[in-house]
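Protein chains in written order, with my numbering: chain A, 1 to 187; chain B, 1001 to 1187.
No lab work stands behind these hints, which were simulated from the structure alone.
Hints are not guaranteed to be accurate.
[As the list claims (entries may be wrong)] Here are some of the chain B residues that sit facing chain A, going by a computed Cβ distance under 10 Å:
hint, residue
1, Glu1104
2, Val1135
3, Phe1156
[Stated by the list, open to error] With a cut-off of at most 30 Å between alpha-carbon atoms, the simulated DSSO-like pairs for lysine-lysine come out as follows:
hint, chain 1, residue 1, chain 2, residue 2
4, B, Lys1116, A, Lys62
5, B, Lys1149, A, Lys149
6, A, Lys30, B, Lys1062
7, B, Lys1062, B, Lys1149
8, B, Lys1030, A, Lys31
9, A, Lys141, B, Lys1062
[Said to hold, decoys possible] Examples of chain B residues lying across from chain A (beta carbon under 10 Å, computed):
hint, residue
10, Ala1021
11, Glu1088
12, Gln1133
Since the model is a prediction, treat every value here as computed from it, not as a measurement.
Note that the Cβ used here is the ideal one computed from N, Cα and C, for glycine as well.
In case you want the letters, here they are:
There are 2 protein chains.
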Amino acid sequence: MIKFEEFKDVCQQSIEMIEAAGLLLTPEDKKKITAADFGLNHIKKEGVQILTMFQTDRIAGKILVLLPNQTEPEHWHPTVGNDPGKEEVIRAISGELYFYIPGENNMTQGFIVDGKEDCYTMRNEVVLNPGDQLVLPAGTKHWFQAGKKGAVMYSFSTTVTDLMDQFTDQNIVRDTIIEQEPSNSTY
Amino acid sequence: MIKFEEFKDVCQQSIEMIEAAGLLLTPEDKKKITAADFGLNHIKKEGVQILTMFQTDRIAGKILVLLPNQTEPEHWHPTVGNDPGKEEVIRAISGELYFYIPGENNMTQGFIVDGKEDCYTMRNEVVLNPGDQLVLPAGTKHWFQAGKKGAVMYSFSTTVTDLMDQFTDQNIVRDTIIEQEPSNSTY
């Protein structure tokens, strides 16, 4: 659950970060931005802002924004029916971005969300500077975090519904419920 | 066939146009830029510059550049084996960009390359301003052209080899042959 004012605030901050990174957004793009709190009720700690540029039956392109020190919870994209699972390519645009994937523990930049060691099990850190890319094959467990400047990145992927994502944190609810959303909201 | 000096020149111009559009390129990105003359031997008239950001077995992301008034020849992405054919999403970044797809003739901005009416049969014009997007389902015949400022765009797609593309112009050879390329070229 997230209050509408907070939802609006994190979306607006994210739009400003995208534009500060030099990307051009149309008015239609800006209306499409949304935020996910994963049902954990503290979006600025665990959450992500998502602007879907396009999504067809086959491919999707999104801009993801992490606010300073915001963390996207650990998850993976499983096989769904005949689909081998969502493959995702991340391209960092601006800010400080740390990805955590399978491999040896080499964490030096990021941090584990307080008291949630069991929900963040991947500890192989990949630092993505602006322009750097990371391919996440289907099924790869991953989480990511911004440094103190926040981070803007592209996510390009095959299309499957994000509602099929699997999370390490069993308290997660993928659908974001917005409290007190005015009926005339453009968000 | 294209002379190495001309190849280097169109690639360098394209890198400058991409950077002028505000996109950040890494040194590795810049090395990956290439140009296609489609075997027609006049790249500044018919041709395109391509910077492949990523290409996996499933998805690809490229930056395409058209120089002022440069035209990419009409083509389509056919079904290949079990693949239904390459689906492509274009997102305009900067400049003046005109796409031609199936539909009624409503051309007002672009032009048909001199004497090549038979090679440019699609005449339904879609003007893409920066931030505008166009989805090209598999099999859609299309060609595109820049106005006098040139154009920079993203192309996101499913992956199939471009060497399978079909062209209306039967003189086209998809492989670009570069004359006098020094062995130490980074292009």
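Can the restraint linking Lys1116 (chain B) and Lys62 (chain A) be considered satisfied, given a maximum Cα separation of 30 Å? violated (38 Å)
Min Cβ distance, Gln1133 (chain B) to chain A: is it shorter than 10 Å? holds (6 Å)
Close enough to count: is the Cβ of Phe1156 (chain B) nearer than 10 Å to one in chain A? holds (5 Å)
Would you settle whether the hint for Glu1088 (chain B) is holds or violated, based on the nearest Cβ-Cβ distance to chain A being less than 10 Å? holds (9 Å)
Is the Cα-Cα distance between Lys1030 (chain B) and Lys31 (chain A) 30 Å or less? violated (33 Å)
Would the stated hint for Val1135 (chain B) survive a check requiring a Cβ distance to chain A of less than 10 Å? Because about 6 Å separates Val1135 (chain B) from the closest Cβ in chain A, which is inside the 10 Å limit, the hint holds.
So if I understand the rule, the pair passes when the alpha-carbon distance is 30 Å or less; does Lys1149 (chain B) with Lys149 (chain A) pass? violated (35 Å)
Restraint outcome when Glu1104 (chain B) is required to lie within 10 Å of chain A by C-beta distance: With a minimum Cβ separation of about 24 Å from chain A (threshold 10 Å), the hint on Glu1104 (chain B) is violated.
Sort out whether Lys1062 (chain B) lies within 30 Å of Lys141 (chain A), counting only the CA atoms. With a Cα-Cα distance of about 26 Å, the restraint between Lys141 (chain A) and Lys1062 (chain B) holds, given a limit of 30 Å.
At a threshold of 10 Å, is the proposed contact between Ala1021 (chain B) and chain A supported by beta-carbon distances? holds (8 Å)
Regarding the pair Lys1062 (chain B) and Lys1149 (chain B), is the alpha-carbon distance no greater than 30 Å? holds (20 Å)
When you check the alpha-carbon spacing of Lys30 (chain A) and Lys1062 (chain B), does it fall within 30 Å? holds (23 Å)
Figure legend: structure checked against the earlier numbered hints; hints not met, in rising order: 1, 4, 5 and 8.
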